[in-house]
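Chemist: Heads up: the protein sequence lines correspond to chains A and B, in order. In short: position in the first sequence from 1, add 2, done, that's the working numbering. In short: position in the second sequence from 1, add 2, done, that's the working numbering.
A portion of the hints provided could be inaccurate.
Just so you know, same-sequence chains aren't split out, so a pair can sit in one copy or run between any two.
[To be verified] Taking lysine-lysine and the DSSO-like style, the derived pairs with C-alpha atoms no more than 30 Å apart in a straight line are:
{"id": "1", "residue 1": "K91", "residue 2": "K75"}
{"id": "2", "residue 1": "K40", "residue 2": "K90"}
{"id": "3", "residue 1": "K78", "residue 2": "K36"}
For the record, the hints were derived by calculation from the structure and aren't laboratory data.
There are 2 protein chains.
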Amino acid sequence: AFSQGLSVPNRARPRRSVVVRAEAAGTINTAIRKEEDKVVDSVVVTELSKPLTAYCRCWRSGTFPLCDGGHVKHNKATGDNVGPLLLKKQ
Amino acid sequence: AFSQGLSVPNRARPRRSVVVRAEAAGTINTAIRKEEDKVVDSVVVTELSKPLTAYCRCWRSGTFPLCDGGHVKHNKATGDNVGPLLLKKQ
Ligand code: FES
Ligand code: FES
Numbered sequence: 003a004f005s006q007g008l009s010v011p012n013r014a015r016p017r018r019s020v021v022v023r024a025e026a027a028g029t030i031n032t033a034i035r036k037e038e039d040k041v042v043d044s045v046v047v048t049e050l051s052k053p054l055t056a057y058c059r060c061w062r063s064g065t066f067p068l069c070d071g072g073h074v075k076h077n078k079a080t081g082d083n084v085g086p087l088l089l090k091k092q
Numbered sequence: 003a004f005s006q007g008l009s010v011p012n013r014a015r016p017r018r019s020v021v022v023r024a025e026a027a028g029t030i031n032t033a034i035r036k037e038e039d040k041v042v043d044s045v046v047v048t049e050l051s052k053p054l055t056a057y058c059r060c061w062r063s064g065t066f067p068l069c070d071g072g073h074v075k076h077n078k079a080t081g082d083n084v085g086p087l088l089l090k091k092q
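Could you put the whole structure together from the sequences, leaning on the hints where they help?
Modeler: Encoded structure:
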């Protein structure tokens, strides 16, 4: 009876599990141009058409690399404080 | 005996707990100017001194808002693919 007790496999016990999305562990960009090894964008500043242009640094913009204000929703949802880079012609 | 059994408090049972850093849940910026509600930077493009200047979008740079190459370590550690915004004078 003693050795029978020891032979009860671990998996016979009920287990609790926690599912963690591996992708999300420290990843900043979850969706934009994931097929690229590194997402780099260039701006020729002499070609800027407007006095002020906002560029995204939160990786949540629907118009990336431009900022579309999506950082507001991200900051509210996570308690973060990220915002865009503003390019000014004057 | 029946009602005595029901009165055993939940906290008498051994509990397993998972500690999650609330800050890290979806947060992009973990360290830079966290005292600010929203980190926004401005560049007057006519004042750029070099032909090419890289601005950080990974929030891991030691010279933020400039890129110091810290995105390389972040991408390697997490499998991410973020990179800077390059401002070019020509
Ligand atoms: S939408 Fe990303 S910084 Fe504004
Ligand atoms: S160090 Fe952040 S993009 Fe290069």
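Chemist: It remains to establish, for every hint, whether it holds in the given structure.
Modeler: Comparing the hints with the structure gives:
Proximity of K91 to K75 under the C-alpha cut-off of 30 Å is restricted to the intra-copy arrangement: shortest distance 28 Å within a copy versus 33 Å between copies. With identical chains, the CA atoms of K40 and K90 are at most 30 Å apart both within one copy (26 Å) and between copies (19 Å). Both within a single protomer and between protomers do K78 and K36 lie at most 30 Å apart by alpha-carbon distance, with minima of 25 Å and 14 Å respectively.
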